[in-house]
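Given only the sequences and the hints, what does the whole structure look like? Please build it.
Chain residues, written in single-letter form:
2 protein chains.
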Amino acid sequence: MTSRSHYHALCQQFKTIYHFEHLQALGDWDQATMMPAGGSQARGEAMAQLALHIHALKTAPSLAEHLAHAADEPLSAAQQANLREMRYQQRQATALPGKLVQAKTQLTYACEHAWRAQRQQNDWQGFKPNLEAVIALVREEAQILGEAQQLAPYDALLNKFEPGTTMAQIDRVFGDLKIWLPSLIQQVQAKQQAWPTKALPHATIAQQKALNLDVMTLLGFDFKQGRLDTSSHPFSGGVPGDVRITTRYDEHDFLTALFSTIHETGHARYEQGLPLEWRGQPAGNARSMAIHESQSLFFEMQMARGTGILPLLQQRINHHLGCQISELELQHWLTRVSPGRIRVDADEVTYPCHIMLRYEVEKGLIEGRLTVADLPEFWDAAMQSLLGLSTQGDYRNGCMQDIHWPVGELGYFPSYSLGAMYAAQFSASMQNQIGSIDALIAAGELTLVTQWLQDNIWSKGALLTTDELVIAATGETLNPAHFKQHLMTRYL
Amino acid sequence: MTSRSHYHALCQQFKTIYHFEHLQALGDWDQATMMPAGGSQARGEAMAQLALHIHALKTAPSLAEHLAHAADEPLSAAQQANLREMRYQQRQATALPGKLVQAKTQLTYACEHAWRAQRQQNDWQGFKPNLEAVIALVREEAQILGEAQQLAPYDALLNKFEPGTTMAQIDRVFGDLKIWLPSLIQQVQAKQQAWPTKALPHATIAQQKALNLDVMTLLGFDFKQGRLDTSSHPFSGGVPGDVRITTRYDEHDFLTALFSTIHETGHARYEQGLPLEWRGQPAGNARSMAIHESQSLFFEMQMARGTGILPLLQQRINHHLGCQISELELQHWLTRVSPGRIRVDADEVTYPCHIMLRYEVEKGLIEGRLTVADLPEFWDAAMQSLLGLSTQGDYRNGCMQDIHWPVGELGYFPSYSLGAMYAAQFSASMQNQIGSIDALIAAGELTLVTQWLQDNIWSKGALLTTDELVIAATGETLNPAHFKQHLMTRYL
Numbered sequence: 000m001t002s003r004s005h006y007h008a009l010c011q012q013f014k015t016i017y018h019f020e021h022l023q024a025l026g027d028w029d030q031a032t033m034m035p036a037g038g039s040q041a042r043g044e045a046m047a048q049l050a051l052h053i054h055a056l057k058t059a060p061s062l063a064e065h066l067a068h069a070a071d072e073p074l075s076a077a078q079q080a081n082l083r084e085m086r087y088q089q090r091q092a093t094a095l096p097g098k099l100v101q102a103k104t105q106l107t108y109a110c111e112h113a114w115r116a117q118r119q120q121n122d123w124q125g126f127k128p129n130l131e132a133v134i135a136l137v138r139e140e141a142q143i144l145g146e147a148q149q150l151a152p153y154d155a156l157l158n159k160f161e162p163g164t165t166m167a168q169i170d171r172v173f174g175d176l177k178i179w180l181p182s183l184i185q186q187v188q189a190k191q192q193a194w195p196t197k198a199l200p201h202a203t204i205a206q207q208k209a210l211n212l213d214v215m216t217l218l219g220f221d222f223k224q225g226r227l228d229t230s231s232h233p234f235s236g237g238v239p240g241d242v243r244i245t246t247r248y249d250e251h252d253f254l255t256a257l258f259s260t261i262h263e264t265g266h267a268r269y270e271q272g273l274p275l276e277w278r279g280q281p282a283g284n285a286r287s288m289a290i291h292e293s294q295s296l297f298f299e300m301q302m303a304r305g306t307g308i309l310p311l312l313q314q315r316i317n318h319h320l321g322c323q324i325s326e327l328e329l330q331h332w333l334t335r336v337s338p339g340r341i342r343v344d345a346d347e348v349t350y351p352c353h354i355m356l357r358y359e360v361e362k363g364l365i366e367g368r369l370t371v372a373d374l375p376e377f378w379d380a381a382m383q384s385l386l387g388l389s390t391q392g393d394y395r396n397g398c399m400q401d402i403h404w405p406v407g408e409l410g411y412f413p414s415y416s417l418g419a420m421y422a423a424q425f426s427a428s429m430q431n432q433i434g435s436i437d438a439l440i441a442a443g444e445l446t447l448v449t450q451w452l453q454d455n456i457w458s459k460g461a462l463l464t465t466d467e468l469v470i471a472a473t474g475e476t477l478n479p480a481h482f483k484q485h486l487m488t489r490y491l
Numbered sequence: 000m001t002s003r004s005h006y007h008a009l010c011q012q013f014k015t016i017y018h019f020e021h022l023q024a025l026g027d028w029d030q031a032t033m034m035p036a037g038g039s040q041a042r043g044e045a046m047a048q049l050a051l052h053i054h055a056l057k058t059a060p061s062l063a064e065h066l067a068h069a070a071d072e073p074l075s076a077a078q079q080a081n082l083r084e085m086r087y088q089q090r091q092a093t094a095l096p097g098k099l100v101q102a103k104t105q106l107t108y109a110c111e112h113a114w115r116a117q118r119q120q121n122d123w124q125g126f127k128p129n130l131e132a133v134i135a136l137v138r139e140e141a142q143i144l145g146e147a148q149q150l151a152p153y154d155a156l157l158n159k160f161e162p163g164t165t166m167a168q169i170d171r172v173f174g175d176l177k178i179w180l181p182s183l184i185q186q187v188q189a190k191q192q193a194w195p196t197k198a199l200p201h202a203t204i205a206q207q208k209a210l211n212l213d214v215m216t217l218l219g220f221d222f223k224q225g226r227l228d229t230s231s232h233p234f235s236g237g238v239p240g241d242v243r244i245t246t247r248y249d250e251h252d253f254l255t256a257l258f259s260t261i262h263e264t265g266h267a268r269y270e271q272g273l274p275l276e277w278r279g280q281p282a283g284n285a286r287s288m289a290i291h292e293s294q295s296l297f298f299e300m301q302m303a304r305g306t307g308i309l310p311l312l313q314q315r316i317n318h319h320l321g322c323q324i325s326e327l328e329l330q331h332w333l334t335r336v337s338p339g340r341i342r343v344d345a346d347e348v349t350y351p352c353h354i355m356l357r358y359e360v361e362k363g364l365i366e367g368r369l370t371v372a373d374l375p376e377f378w379d380a381a382m383q384s385l386l387g388l389s390t391q392g393d394y395r396n397g398c399m400q401d402i403h404w405p406v407g408e409l410g411y412f413p414s415y416s417l418g419a420m421y422a423a424q425f426s427a428s429m430q431n432q433i434g435s436i437d438a439l440i441a442a443g444e445l446t447l448v449t450q451w452l453q454d455n456i457w458s459k460g461a462l463l464t465t466d467e468l469v470i471a472a473t474g475e476t477l478n479p480a481h482f483k484q485h486l487m488t489r490y491l
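Just so you know, the protein sequences line up as chains A and B, in that order.
The letter at position 48 of the first sequence is residue 47 when you use numbering that gives the first Met the number 0, and the numbering goes up by one with no holes.
The letter at position 447 of the second sequence is residue 446 when you use numbering that gives the first Met the number 0, and the numbering goes up by one with no holes.
FYI, nobody ran anything at the bench for these hints, they're computed from the structure.
Hints are supplied without guarantee of correctness; some may be wrong.
Intra- or inter-copy, both count: the list cannot distinguish identical chains.
[Stated by the list, open to error] Keeping only pairs whose Cα atoms sit at most 30 angstroms apart, straight-line, the calculated BS3-like set for lysine-lysine is:
id : residue 1 : residue 2
1  : 483       : 190
2  : 208       : 483
3  : 98        : 127
4  : 159       : 127
What follows is the structure, given as structure tokens:
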């Protein structure tokens with residue numbers, strides 16, 4: 000064996016893992032979009048078996064041995080980055096017993112499946128025991144992952160989605176937000192009070208589909224490498240050569256589907272733009288979930304609610320829906336700040352409130368200060384305090400609205416707010432380097448905007464750490480001031 | 000370890016295999032229905048990896064050891080049947096090297112993917128080298144499987160789909176057919192010459208979808224355990240709790256989609272009706288492909304082209320298509336005998352000619368008497384001789400029309416004709432036992448027809464061998480006289 004062979008053996012092993020993760024992505028997508036109810040049990044068992052197998056591949060003694068020796072080999076910087084990502088995945092997997100991985104997959108599949116009907120029926124009593132079982136397992140997971148990394152349990156969960164993130168960091172960022180956000184919301188609402196309110200035009204699902212596909216094309220989605228479907232909770236799934244995004248339609252509110260689609264298109268272009276030469280290796284993956292959300296929110300908030308793209312959206316909406324919406328009407332719809340119960344429909348100013356609430360809930364659940372039974376009351380109180388809304392008895396639009404808890408993904412929510420902040424920071428940097436998004440798009444140069452993302456974010460995969468990536472693109476690490484500046488510029 | 004534990008260990012191992020086969024079924028279905036072109040390479044690699052893994056599970060030394068000891072354990076008759084099916088699967092897998100399994104999966108995925116476009120473009124020159132590579136691998140497979148079972152190579156391929164079938168048996172059956180079928184075709188055509196010809200009404204895809212779903216419901220398809228989609232080649236896939244059938248639409252010929260759907264519904268009900276208590280074990284699978292085709296052809300030919308169901312179909316067609324087709328017109332369409340180039344669109348009288356042609360081609364290719372380069376000429380000569388049709392230059396409706404060869408499934412085609420014969424035999428038995436299909440359906444007792452299939456075929460899974468199953472249901476093994484009788488009764 001030559002000294003280089005350990006690294007190459009690792010590449011082979013991770014390529015195999017990648018193939019099985021391909022099947023995992025397919026199973027997840029299919030379950031949410033295509034699978035009939037009767038398929039649930041067999042699918043849950045198959046996915047649990049698959050998770051166990053992937054876990055076994057990542058925890059194989061031979062993999063650990065190659066990892067131990069590969070660091071001594073003469074590797075390029077990129078190969079070293081790949082090795083860093085391999086080591087991270089291996090450590091995360093090795094910390095957890097296979098039985099727990101398998102049990103969690105099976106339990107969350109069943110919980111999510113039941114949740115879909117339970118949410119529709121506002122059935123908190125039916126959902127509660129399922130969620131309790133999931134939370135119990137996630138607490139166990141957090142405990143084990145935390146011990147392995149010498150992290151607090153909830154920090155360990157944060158690290159699953161954004162390596163390096165801590166409660167201390169989030170607390171600081173959110174603490175700052177809590178100071179200036181409430182008064183900003185009040186100021187914006189006062190300013191917008193004079194805006195006329197007009198109902199959205201009715202739009203059939205067929206019209207909306209055509210509109211969404213057209214806007215995806217405008218935004219550079221490659222349909223040879225992906226598709227758009229319908230699911231009860233919009234998401235982006237699939238694999239880099241075959242990215243599958245979803246939306247859901249409301250005939251009385253075409254903007255909910257359109258802006259979900261734009262959001263997911265941001266995720267999709269990130270995946271479609273990952274470095275081809277690293278495909279199948281850990282370094283070829285997207286950097287992290289906060290960076291992923293920064294791309295979707297860059298598309299949804301920075302780009303698609305700005306003034307540059309407005310006439311392009313207006314023209315497509317009027318064409319597909321057969322209506323006569325003015326630019327001003329559209330702008331009002333896209334930037335109206337209005338506290339509501341649903342996170343995914345929230346405007347970008349009130350959105351962080353939804354995340355802060357969930358963050359507090361998750362910390363409480365993991366640290367044992369809160370039980371699932373406490374959730375509705377806690378939720379209602381927090382919504383009252385943060386946004387002045389009562390959610391009493393409305394579980395489906397309250398603590399049952401998100402897919403994250405039924406599938407056991409605690410620790411994810413902060414990625415949305417970190418993503419919104421990174422998106423504003425990227426936007427500011429882009430403005431300094433090549434011009435503002437709005438000016439570029441107004442000048443017919445939308446592709447320059449996405450090219451900047453391609454060059455600075457997408458093509459980097461996971462070759463850099465989050466901090467390295469953000470510094471290379473913007474000259475500094477996370478700086479929430481850009482987000483504050485963005486909101487004030489756009490909304491005041 | 001107690002003596003019974005070997006059998007139970009085997010059940011565990013085969014349950015694991017079943018879970019991975021679930022993912023295989025999903026990957027296959029998705030590739031044919033949903034996957035964009037860009038997903039092809041990664042999917043092919045993932046599916047090859049999966050095939051290799053399943054192969055490794057089936058050839059594991061521990062599995063062989065449990066198999067060797069389980070036969071000495073005190074097992075029920077059903078458990079012994081399960082053990083027989085386990086042993087068969089293990090032997091088939093063990094005979095083949097893993098590398099060949101992986102290579103074949105990857106090669107056939109690529110070949111099928113390219114074939115879809117090549118077929119549309121009538122691109123024989125593009126398809127030829129791909130097919131040559133597939134045939135070379137299948138010849139190797141046939142050679143190895145044959146040596147392991149002391150069978151001729153093509154017999155080994157036949158055995159993959161219908162264990163126990165031999166060329167000697169097929170030659171006998173087809174030899175007999177060749178004697179009486181040509182004159183029957185002539186007689187029927189002469190009789191039908193006086194039938195008026197009327198064009199089918201135009202039908203949108205939306206109308207046809209609604210019609211097909213309605214007819215599937217009529218035929219007892221359980222939509223909680225399955226779905227209908229579109230693909231370029233209709234097929235039945237998925238898993239027992241989640242059976243996925245496909246069709247393809249032609250606005251000028253709604254019957255092609257409708258009867259594909261009815262055919263696949265027969266396959267689907269077989270899968271949906273398999274014994275729940277054996278799900279996940281080899282004995283819980285469908286018996287074989289000839290028996291599978293007997294169920295699809297029972298639905299498509301015995302049931303749906305008979306006089307009993309005619310008014311039920313007529314009513315649904317007129318309702319969904321907004322037309323006024325008479326019972327007689329519909330009956331003429333459904334029973335008109337007319338030689339054509341396309342197997343899947345063939346009437347049941349000329350259908351065996353399509354199979355006999357393919358059977359001769361496959362034997363020739365495997366035994367080395369024929370090369371892929373010879374195919375177009377051989378095809379044209381055979382079509383001229385069997386059905387009086389020239390297919391020169393028309394590859395897409397000639398030797399490029401079927402999916403079986405691009406995916407490397409040589410040895411399958413005879414299952415269709417064996418299936419047609421078994422279907423006629425089941426129909427005759429049913430008539431003796433509870434009444435004719437037509438009489439039962441005319442009396443509003445369609446469910447008695449499917450209940451007979453449920454009791455005699457579907458619920459048996461693979462607990463009986465094909466001969467045992469057929470004898471239990473009909474009192475004799477395969478008897479082609481019933482098929483001949485059926486055609487003469489219906490068409491003369």
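Against the structure, the hints:
1. 483 to 190: So residue 483 and residue 190 pass the 30 angstroms test inside one copy only (18 angstroms; across, 85 angstroms).
2. 208 to 483: neither (34 angstroms within a copy, 52 angstroms between copies)
3. 98 to 127: within (24 angstroms within a copy, 49 angstroms between copies)
4. 159 to 127: Within one copy, since 25 angstroms is at most 30 angstroms while 49 angstroms is not.
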